[in-house]
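Protein chains: 2
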Amino acid sequence: MTLILGPDDVAACTAMGAMIDAVEAGVREEASGGAVYPPRANLPTTNGFFRVMPAVMRESGVMGFKVFNGSVERGVRYIIAIYDEPSGALLCLMDAAYLTGARTGATTGVATRYLAREDSHRVGLIGSGLEGRTNLAAVCAVRAIEGVRVFSPTRAHRERFAVEMSEELGVGIEACDRPDAAVAGADIVIVATNTTGHRNPIAYRGAWMEPGQHVNSIGSTGGGLREIDPETFRRAQRIGMDSKVQVEGESGDAIAALEEHAYAAERVVELKDLVAGGRVDRGPAEAITLFKSVGSAVQDVMAGWAVYREARRLGRGTEIDDFLELKAF
Amino acid sequence: MTLILGPDDVAACTAMGAMIDAVEAGVREEASGGAVYPPRANLPTTNGFFRVMPAVMRESGVMGFKVFNGSVERGVRYIIAIYDEPSGALLCLMDAAYLTGARTGATTGVATRYLAREDSHRVGLIGSGLEGRTNLAAVCAVRAIEGVRVFSPTRAHRERFAVEMSEELGVGIEACDRPDAAVAGADIVIVATNTTGHRNPIAYRGAWMEPGQHVNSIGSTGGGLREIDPETFRRAQRIGMDSKVQVEGESGDAIAALEEHAYAAERVVELKDLVAGGRVDRGPAEAITLFKSVGSAVQDVMAGWAVYREARRLGRGTEIDDFLELKAF
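Chains as they are written, first to last, in this note's numbering: chain A, 8 to 336; chain B, 8 to 336.
In case anyone wonders, no lab produced these hints; they're calculated from the structure. Be careful, since some hints might not be right.
Copies of the same chain look alike in the list, so a pair counts if it works inside one copy or between any two.
[What the hints assert, rightly or not] Listed below are the simulated SDA-like cross-link pairs for lysine to any residue, each with C-alpha atoms no more than 25 Å apart in a straight line:
#	residue 1	residue 2
1	LYS334	GLU317
2	LYS279	GLY41
3	LYS251	ALA18
4	LYS334	GLY177
5	LYS334	GLY204
6	LYS279	ASP91
7	LYS251	PRO51
8	LYS334	HIS128
9	LYS279	ARG319
10	LYS251	ALA263
11	LYS251	VAL43
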């Protein structure tokens with residue numbers, strides 16, 4: 008029996024707390040050596056890309072893949088498949104458009120758990136799209152957030168975000184008309200933008216950083232995409248990355264910072280090492296920290312598995328019988 | 008709209024002639040540079056493997072992937088996804104257990120078209136499983152076959168094969184109780200075995216080769232699997248491979264032959280170069296030729312596409328609405 012989950016099912020089965028724990032368990036398994044995943048394959052199409060990201064989680068007993076295709080300009084389609092690792096059965100196929108945003112949030116939640124001050128109460132958010140929503144929900148799941156300020160360039164977007172997310176998360180959210188005003192005085196900053204095609208793609212500047220702040224930046228997942236400046240890297244005393252090789256190879260922000268020699272390699276810590284450490288590890292309270300991510304198959308498979316389990320609990324989705332035959336060799 | 012095709016749908020939508028032409032078109036696109044595919048990822052699981060094989064066919068306008076997992080001992084599950092390349096829409100998800108056997112046959116059909124004598128009429132077959140069936144059907148689709156002899160170790164299997172496939176293909180098939188008797192006097196030999204766990208895994212010997220013969224060997228797709236001996240490579244004047252790098256890196260038969268320096272690199276020709284040549288290219292009529300394959304994502308995607316088109320024509324399968332959302336970035 009294979010379960011098919013469309014966009015509505017996946018949204019209904021995303022519980023952010025459970026997803027953060029699932030991604031954290033996956034990252035811990037990366038540290039312990041149980042996770043197996045190749046460099047992600049990125050194939051050019053005539054007008055975009057076709058990417059395939061598999062992962063086997065031998066300790067968790069789950070495996071799967073995400074495939075996504077399209078282009079930044081025309082839009083992207085995502086599918087995640089989840090298998091039972093011991094038996095090899097295909098458990099679930101799900102749309103992963105919303106899920107990719109949710110797992111990016113969940114990954115930010117894990118990083119925030121280990122890099123932000125435990126007494127963080129105020130969030131400054133730049134961006135009011137799907138990732139703004141999921142990343143804010145994740146930060147609220149790991150810290151006792153009391154107030155949020157949000158900026159995005161379109162007034163109607165930021166005001167709608169403030170109303171809707173305030174109700175969803177039960178926390179006061181104020182829409183600001185300038186990005187520096189949104190992040191002033193924040194304990195935790197979230198930069199979650201799509202600045203493709205903007206005249207000035209830098210949405211957050213290191214000049215705005217304040218002592219004790221933790222900054223999460225989750226846009227700029229491709230070489231041509233930007234959202235933070237090299238000064239942000241320069242001022243961060245500790246820089247978390249979900250994968251140093253992939254962030255430094257793929258993120259336009261990291262590539263620009265490296266060109267300016269904005270940070271020393273010693274300041275970088277991978278998320279798996281933070282999680283393996285098991286406690287907040289940011290240095291002194293007044294230290295400034297940064298988390299930069301581009302995503303990984305481990306995050307996708309673990310987040311998809313959390314959605315699948317929730318779907319089974321809630322009875323969501325469409326079953327398909329005997330979809331894949333077990334072939335004797 | 009995504010079409011779901013289970014095992015029965017795929018079997019009903021496999022037309023061998025169309026599939027051979029589809030695989031040949033894909034191989035031609037490999038030659039012209041339109042096909043994009045990475046080295047296949049092979050991830051170890053706790054008790055087997057998890058393999059992911061994507062391909063983008065930029066000229067044909069189709070892309071997709073095959074994922075298969077399991078173990079030779081416990082059995083394997085296969086799934087193929089087919090996308091429309093220009094729009095990026097997911098057209099179809101299909102079970103590929105039968106299809107993998109069928110596309111292996113179709114690939115043999117392409118190789119036989121370019122390596123076997125045009126006046127080939129007699130086939131000797133070793134193996135009576137799924138691949139025996141699909142490979143024989145493919146050879147009968149590209150040459151005017153008048154008689155077949157089949158051997159497999161279990162009498163009931165080879166006799167049932169002879170009765171059933173004789174009816175299906177409309178050609179006389181005789182079951183033989185020895186492999187050398189089955190291939191004696193044959194113009195085309197097919198070796199399609201699973202000799203896992205056999206005391207002597209060699210099912211076909213180069214000593215049995217006869218002038219003018221063309222031999223297709225499609226088992227031994229892993230380093231631990233065998234079916235033909237190094238002498239088979241030594242006596243072949245021309246050795247076709249679907250991929251030289253993958254056959255020589257992955258097939259236990261080729262690895263054993265290389266260890267004995269049984270053939271010179273100049274004798275190897277890749278299938279894409281045979282197809283690009285556009286005519287039978289075996290050397291003199293009395294030359295002995297060999298084709299050895301391990302499979303490729305190009306073959307999978309093109310064969311899956313042929314099945315999808317036939318399913319649309321016949322109205323087979325189950326439609327799923329709005330399965331993958333197109334996400335604006």
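Violated hints, by number in ascending order, as checked against the structure: 3, 4, 8 and 9
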